[in-house]
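Protein chains in written order, with my numbering: chain E, 1 to 230; chain V, 1 to 230; chain P, 1 to 230; chain X, 1 to 230; chain A, 1 to 230; chain R, 1 to 230; chain F, 1 to 230; chain B, 1 to 230.
Please keep in mind that the hints were generated in silico from the structure rather than gathered at the bench.
Where hints are given, some of them may not hold.
Unchecked claim - Under the rule of at most 25 Å between Cα atoms (straight-line distance), these lysine-lysine pairs were calculated in the PhoX-like manner:
no., chain 1, residue 1, chain 2, residue 2
1, E, 89, E, 65
2, V, 37, X, 65
3, V, 53, V, 65
4, R, 89, R, 48
5, A, 89, A, 48
6, V, 65, R, 37
Nothing here was measured: the structure is a model prediction, and the numbers come from that model.
8 protein chains.
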Amino acid sequence: MAIRRHPRSFLPKAFAEVDLQRRHRLGAPEIIFGAGKTVPQIMAIARKLWSAKQPVLVTRVDANKGQLLTRAFPRGSYHSRARIFTLGKFRAKDSRQMLVAVCAAGTSDYPVAEEALVTLEFLGHRPTRFYDIGVAGLHRTFRRLPEISNHQALIVVAGMEAALPSVLGGLVPHPLVAVPTSVGYGAHLQGLTAFLGMLNSCAPGITVVNIDNGFGAAYAIHRLSLGLPS
Amino acid sequence: MAIRRHPRSFLPKAFAEVDLQRRHRLGAPEIIFGAGKTVPQIMAIARKLWSAKQPVLVTRVDANKGQLLTRAFPRGSYHSRARIFTLGKFRAKDSRQMLVAVCAAGTSDYPVAEEALVTLEFLGHRPTRFYDIGVAGLHRTFRRLPEISNHQALIVVAGMEAALPSVLGGLVPHPLVAVPTSVGYGAHLQGLTAFLGMLNSCAPGITVVNIDNGFGAAYAIHRLSLGLPS
Amino acid sequence: MAIRRHPRSFLPKAFAEVDLQRRHRLGAPEIIFGAGKTVPQIMAIARKLWSAKQPVLVTRVDANKGQLLTRAFPRGSYHSRARIFTLGKFRAKDSRQMLVAVCAAGTSDYPVAEEALVTLEFLGHRPTRFYDIGVAGLHRTFRRLPEISNHQALIVVAGMEAALPSVLGGLVPHPLVAVPTSVGYGAHLQGLTAFLGMLNSCAPGITVVNIDNGFGAAYAIHRLSLGLPS
Amino acid sequence: MAIRRHPRSFLPKAFAEVDLQRRHRLGAPEIIFGAGKTVPQIMAIARKLWSAKQPVLVTRVDANKGQLLTRAFPRGSYHSRARIFTLGKFRAKDSRQMLVAVCAAGTSDYPVAEEALVTLEFLGHRPTRFYDIGVAGLHRTFRRLPEISNHQALIVVAGMEAALPSVLGGLVPHPLVAVPTSVGYGAHLQGLTAFLGMLNSCAPGITVVNIDNGFGAAYAIHRLSLGLPS
Amino acid sequence: MAIRRHPRSFLPKAFAEVDLQRRHRLGAPEIIFGAGKTVPQIMAIARKLWSAKQPVLVTRVDANKGQLLTRAFPRGSYHSRARIFTLGKFRAKDSRQMLVAVCAAGTSDYPVAEEALVTLEFLGHRPTRFYDIGVAGLHRTFRRLPEISNHQALIVVAGMEAALPSVLGGLVPHPLVAVPTSVGYGAHLQGLTAFLGMLNSCAPGITVVNIDNGFGAAYAIHRLSLGLPS
Amino acid sequence: MAIRRHPRSFLPKAFAEVDLQRRHRLGAPEIIFGAGKTVPQIMAIARKLWSAKQPVLVTRVDANKGQLLTRAFPRGSYHSRARIFTLGKFRAKDSRQMLVAVCAAGTSDYPVAEEALVTLEFLGHRPTRFYDIGVAGLHRTFRRLPEISNHQALIVVAGMEAALPSVLGGLVPHPLVAVPTSVGYGAHLQGLTAFLGMLNSCAPGITVVNIDNGFGAAYAIHRLSLGLPS
Amino acid sequence: MAIRRHPRSFLPKAFAEVDLQRRHRLGAPEIIFGAGKTVPQIMAIARKLWSAKQPVLVTRVDANKGQLLTRAFPRGSYHSRARIFTLGKFRAKDSRQMLVAVCAAGTSDYPVAEEALVTLEFLGHRPTRFYDIGVAGLHRTFRRLPEISNHQALIVVAGMEAALPSVLGGLVPHPLVAVPTSVGYGAHLQGLTAFLGMLNSCAPGITVVNIDNGFGAAYAIHRLSLGLPS
Amino acid sequence: MAIRRHPRSFLPKAFAEVDLQRRHRLGAPEIIFGAGKTVPQIMAIARKLWSAKQPVLVTRVDANKGQLLTRAFPRGSYHSRARIFTLGKFRAKDSRQMLVAVCAAGTSDYPVAEEALVTLEFLGHRPTRFYDIGVAGLHRTFRRLPEISNHQALIVVAGMEAALPSVLGGLVPHPLVAVPTSVGYGAHLQGLTAFLGMLNSCAPGITVVNIDNGFGAAYAIHRLSLGLPS
């Protein structure tokens with residue numbers, strides 16, 4: 001009888017391809033997408049980065065994995081709501097630090113908003129939370145508007161019909177990255193409805209990232225600080 | 001050689017099935033859906049209704065058909081923008097006349113809004129136009145709000161991401177029928193995007209009719225006046 | 001080792017945005033959508049509303065959450081079939097109380113129908129059940145027709161091909177809100193089939209709410225009683 | 001300069017593959033699907049069949065092609081409404097002649113119903129028309145029911161939400177083949193809505209053919225007469 | 001504390017609507033769709049039918065429900081593979097008994113094929129199994145062809161690309177009901193691929209029922225025996 | 001006979017809602033979406049803006065409309081390839097002028113890229129063309145890379161599988177807005193394939209606008225220059 | 001008045017990016033996809049290739065463009081059925097010449113099959129036509145089988161349910177590239193049905209190219225001759 | 001009480017249809033698709049093959065089934081990562097042994113790549129792993145390119161936007177079979193996005209197999225070695 005597992009020697013090679021130059025090429029270290037990976041896989045990549053003196057951010061880390069990672073890296077932090085594990089922090093130049101308003105329409109959009117927020121902090125920016133300001137109660141949206149305008153960019157997280165980015169995008173001139181969430185019931189189609197709504201927004205110049213992709217929105221903001229002249 | 005067309009005697013029988021009792025059963029005469037029908041077909045049905053002393057409304061009548069119908073029925077009217085032909089008018093009791101705010105988000109939503117408006121007038125109600133009040137310029141929406149609130153029901157026509165029904169539905173307590181339109185470009189999917197957005201509206205109690213179905217929205221309002229005690 | 005959970009001080013702020021003015025603006029208190037929320041979150045919002053002397057209705061509450069909520073609010077009631085938790089009751093003026101026929105095509109449509117029914121009662125209306133009257137046995141439908149007609153509005157819940165709203169909508173002139181359900185097997189597409197069928201109904205003036213959205217249908221009826229002059 | 005068209009010698013070979021044995025194998029001659037073919041192509045195949053003493057039926061023949069074919073085959077007939085061209089007729093044994101009720105919900109379903117009807121006649125059966133009996137006016141449906149029941153099988157053609165097959169299938173025990181049509185507007189999705197509705201019918205034992213496929217429904221009935229013992 | 005369950009008195013009424021006349025109207029007793037129902041619900045309906053001297057067939061009964069039902073009705077039988085529970089048997093007249101070839105392409109199509117087979121037996125017909133004859137090994141298909149042709153009708157169950165109905169439908173003239181199954185992986189889309197393939201079959205006169213709907217196919221065959229003159 | 005067209009007096013009112021304050025609110029004048037509008041409609045809005053001393057940009061203007069508009073506004077320009085009509089130009093502060101690399105994968109992506117480019121110039125920015133650099137010939141992509149990197153932001157237009165944004169986004173750290181185009185054949189689904197590919201890009205922080213929406217991408221870049229501190 | 005067309009100087013630069021090295025890199029010259037390009041654009045690219053002593057193949061050339069191209073390049077040939085224009089021919093080494101059986105299920109699949117065939121000839125291979133061998137008449141398929149097996153690879157073009165590749169792929173061991181076509185009516189979904197069917201084929205090791213992509217299938221075969229050792 | 005399971009005598013017959021001649025017809029033994037089958041079913045088929053002196057390969061075998069199979073067939077091997085169980089090995093002639101580069105874009109694509117790899121080894125070929133070479137870090141792709149080119153054919157496994165096959169297909173002339181994987185989040189649609197991207201690849205002559213179908217890709221390569229002259 002022979003359950004032939006993949007020999008140990010195979011794993012390291014296949015896993016060696018950590019992109020250590022990304023920091024210089026793209027202005028940030030390689031980020032680990034935690035969803036499809038086992039804890040040992042994540043740990044191997046994290047160690048590579050860390051020993052190359054690069055900070056580590058792992059997305060889509062569930063509570064269980066989070067506990068194992070914090071045990072393995074006592075200096076790291078697990079952000080339960082954002083489902084992110086971090087070890088160290090990226091040091092951007094101060095002149096490039098972005099003030100970002102992270103807006104969320106409803107309670108169920110929080111985890112995605114938090115993913116954006118923790119990523120922004122990791123990349124050296126300064127995000128502020130504006131949660132529960134969906135258009136079903138526009139007065140709440142308006143009450144926060146002056147404060148929101150005081151930032152340099154907006155991330156707007158919304159599910160259901162995703163009207164919030166259109167409303168905000170029609171009121172402020174800032175860069176606005178919209179994140180559709182897979183929240184709702186009935187014909188929300190796992191976020192496709194919110195997503196299509198954002199793409200068809202009547203407010204000009206809104207851009208969209210993938211469903212539930214708070215990390216992507218944060219990174220898009222990070223690019224803003226890199227492409228522009230310091 | 002024999003091009004055997006369907007004999008004349010066949011047509012009348014098949015076409016005899018005009019629902020003359022609908023007026024009594026549903027509180028309005030049978031409406032003719034003009035899109036799939038030839039002008040002779042429409043004329044045959046219209047004559048049946050008219051000779052039974054029932055007013056006639058034909059939807060989806062293009063300019064060409066409209067001209068032919070007005071020639072055939074000199075007392076009728078062709079509403080070019082709404083693509084509707086009417087002959088006579090339904091007389092509802094005054095106590096049941098509804099005051100309806102017909103709201104349209106953008107220029108391209110007008111034809112659908114007009115279809116709703118002309119149908120409402122035909123059925124004896126009193127609609128008012130509130131056009132070009134989409135959320136890309138919320139100040140325009142708010143300026144009209146007091147006047148809109150002064151009606152008994154709202155029809156809200158919108159394409160693209162269709163945020164207008166959510167915004168209005170969160171501000172006024174009236175019955176609100178949303179009509180998605182097939183307006184936009186890119187991933188608007190012939191109105192499906194607007195339509196899904198309306199269904200997933202965060203404002204409670206909004207109902208939706210089919211894409212571009214201005215007539216259906218008007219008739220839904222007509223039902224309001226019938227079901228309730230006079 | 002540091003599992004950094006979101007500090008307590010963060011939660012209250014984000015959760016403070018209960019829309020207490022909605023009662024005056026929309027004629028009903030804010031409703032809590034229970035699906036995406038934890039029991040502590042629901043309890044926090046419920047307390048806010050209750051201490052502001054507003055009744056509480058929570059939708060999509062599973063049996064487990066229901067038990068915890070009834071333990072926390074001994075004066076509340078858990079409606080297991082409708083998956084709704086209520087605390088107190090909204091007092092509408094008598095003149096505005098709607099008589100509503102809640103119709104369901106088949107056994108599997110009951111939970112959605114019950115969600116509509118309990119919501120209607122909470123909002124002060126008087127619903128009656130007409131269940132298991134699907135078109136596969138039209139004699140059952142017809143037997144109940146006179147009684148159904150005796151109401152002011154209809155909510156029609158149906159899955160599969162959703163023919164019931166078309167049949168009823170062609171027989172009675174009342175306002176009719178159709179609710180598609182995600183019931184069936186094979187190509188029912190989680191309710192999209194029923195939903196598309198209702199939208200394309202040949203009966204004029206039928207409106208539709210989202211899949212399985214019994215609450216939305218009830219609230220649409222509630223709007224009827226608000227928009228009209230008392 | 002050399003516009004190299006495909007040499008004549010290529011065409012005959014490729015076109016020689018007329019299935020002359022189909023008559024014996026499947027109990028009917030090969031039918032020509034006219035939509036994707038040029039008139040010369042159709043004529044070539046028709047001549048093959050005709051010279052093999054087999055009758056010819058061509059579906060999806062538009063008016064223009066129809067005229068050219070009747071000119072080429074003076075003994076043939078063009079059925080303009082059904083968009084079918086026939087030359088001769090299949091002679092089934094009398095004992096196998098089926099009495100078929102061809103039902104159509106609305107005016108726009110006629111062309112598809114006629115395609116079924118003309119095909120049935122060509123194959124030696126006896127169809128009867130029951131048109132304009134859609135469920136929006138159920139009294140019309142019921143008035144024809146006794147007569148419909150007097151047949152051996154039903155073909156039910158319907159677009160929009162396609163409730164008619166469910167209603168009829170719940171009232172009569174006959175074999176029932178439903179044909180969805182691409183009629184409607186808004187979210188009818190070129191007939192997919194009708195089609196999905198029929199598949200999810202609550203009436204047991206209904207079968208479905210492709211959208212607008214009147215020919216297929218007729219042929220399915222033809223199979224009934226063949227498979228059974230004579 | 002008050003968990004208000006629906007009072008007992010509510011259930012019986014709602015559940016009383018068993019369609020006892022269906023036997024006379026449609027030539028078979030009401031069939032119970034077991035998927036969305038609890039065991040007590042199924043038992044209540046089954047008792048109604050049984051006490052009215054009608055046989056009982058319940059579809060989509062999982063192993064657990066099956067055990068509970070056989071305990072409750074010791075004279076009943078649970079067909080584990082077909083996921084069907086039966087109690088008694090429908091007695092069709094001998095002259096109407098259909099000989100049916102139930103064909104299945106691959107191993108994973110068996111449960112659906114068995115659902116058809118057990119339903120056919122319950123309704124008084126005589127089905128034969130022809131399993132594992134998919135087109136990947138056409139010699140297997142051909143070996144069974146003579147025997148298959150010896151029946152009066154075919155039910156063909158297939159998943160994946162569903163080529164089997166096209167192949168059989170091009171070789172035999174019998175009535176052929178195709179049942180797509182949700183078998184496969186990758187882009188099989190829960191059976192939609194098989195289903196669309198069957199609808200677009202190049203073999204004429206094939207009809208289709210819903211995905212995995214073995215019961216529906218069997219009932220369609222049952223209709224054949226009823227509509228035709230005895 | 002009475003073809004009742006909408007009276008002239010109706011049009012101006014409905015058309016008066018030009019958003020003249022948008023310039024101050026959003027940092028750019030209202031843009032006219034030309035696709036759904038007639039030339040007189042466009043002219044009316046353009047005159048409003050122009051007389052309020054605001055420059056005019058009309059998108060989706062076909063050749064015919066373009067000719068009529070240039071005749072009406074002799075000082076305007078029609079950009080045939082970009083399908084844009086402009087009258088005057090927006091004057092951004094120099095410090096905010098963005099250097100933008102407009103990249104297009106293949107020949108068929110040019111019109112969309114040109115729409116972005118002309119919009120950028122109208123809004124006061126400095127775009128450069130990098131066309132025909134799709135990944136089928138990566139050497140072409142690489143040859144232009146140093147020059148591309150020398151800009152502040154990238155707009156990447158691509159159809160088919162849309163690999164170009166992923167490749168560029170993995171090589172440069174700049175803000176990158178991807179525009180899917182409806183180019184290709186077969187299963188490109190009117191641009192949905194390109195669009196989904198961009199959303200799922202493995203390069204971090206890429207954002208997407210609607211299919212063929214060159215204008216939207218340009219405006220998103222414009223927002224970059226506004227939100228940031230001057 | 002100023003209709004500013006794109007200055008001539010812009011076009012050449014943008015169009016200069018013909019990939020002349022592709023011949024050496026990929027073993028074949030760059031192919032021109034003619035669908036989205038104007039005749040002058042095609043001519044410019046063709047001249048570049050031709051003057052670099054590379055043969056030219058343009059796909060998706062309609063009759064009108066074909067005439068203009070043959071006028072411009074008198075030594076070229078327009079293949080009307082395949083909608084291809086060629087100028088010269090690629091000379092592969094004899095040892096690499098592939099014998100390819102190009103199979104087509106039905107008449108409407110010919111244009112796509114011809115696109116594959118003409119491309120194969122242009123690339124130096126030897127294709128043979130096997131047309132009209134669809135599974136609706138399996139005897140025709142079998143009659144040609146020995147001859148088909150005598151080739152080195154198969155291209156199988158089919159629309160509708162696309163059963164032909166499964167049948168052939170289960171009978172012969174050769175490399176088989178399947179091409180779905182957008183032929184059929186009803187729910188064929190512009191070829192998606194055929195395409196999904198091919199992907200889910202029960203015959204092992206079949207590969208698929210895009211809908212109607214005869215060129216792609218031919219090129220895939222060309223790759224076979226290149227990758228293997230000569 | 002009678003739980004009537006399918007009698008033993010039924011199973012063997014239905015299971016007897018193992019295709020033992022496939023080896024001679026298709027150049028490889030029948031492969032067992034393990035997903036829909038129970039362990040006893042798999043064992044029965046495996047024994048048939050093994051006793052006919054044919055090697056056995058079972059795909060989609062989860063860890064649990066794998067353990068049971070290795071216990072039953074001590075000479076077999078379970079490849080946990082590829083989810084494959086093998087017993088013996090197919091012996092291809094040496095002249096036909098293919099050198100295959102199995103490329104995978106990211107970590108999550110490994111299981112599918114391993115399925116291809118183990119299948120290739122079983123069929124007698126020589127695959128090499130090139131993992132983690134996705135386009136987000138093109139330098140990694142390029143570093144491996146010379147080595148990749150040294151093979152006879154490529155299998156390219158990728159999820160997300162699936163740009164890797166386009167990049168590789170534009171750089172090397174080899175036969176390239178692309179395998180989309182169901183990896184990613186948000187709008188990756190269970191692999192459909194990757195899959196559509198591959199089909200629309202701008203690199204010519206790439207072919208695609210079903211989502212996650214590593215086995216199919218390997219078998220397609222096997223066909224290459226069979227169809228060509230030895």
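Hints and how they fare:
{"no.": "1", "hint": "E/89 / E/65", "in the structure": "20 Å, holds"}
{"no.": "2", "hint": "V/37 / X/65", "in the structure": "23 Å, holds"}
{"no.": "3", "hint": "V/53 / V/65", "in the structure": "23 Å, holds"}
{"no.": "4", "hint": "R/89 / R/48", "in the structure": "16 Å, holds"}
{"no.": "5", "hint": "A/89 / A/48", "in the structure": "16 Å, holds"}
{"no.": "6", "hint": "V/65 / R/37", "in the structure": "23 Å, holds"}
Violated hints for the displayed structure: none, as all numbered hints are satisfied.
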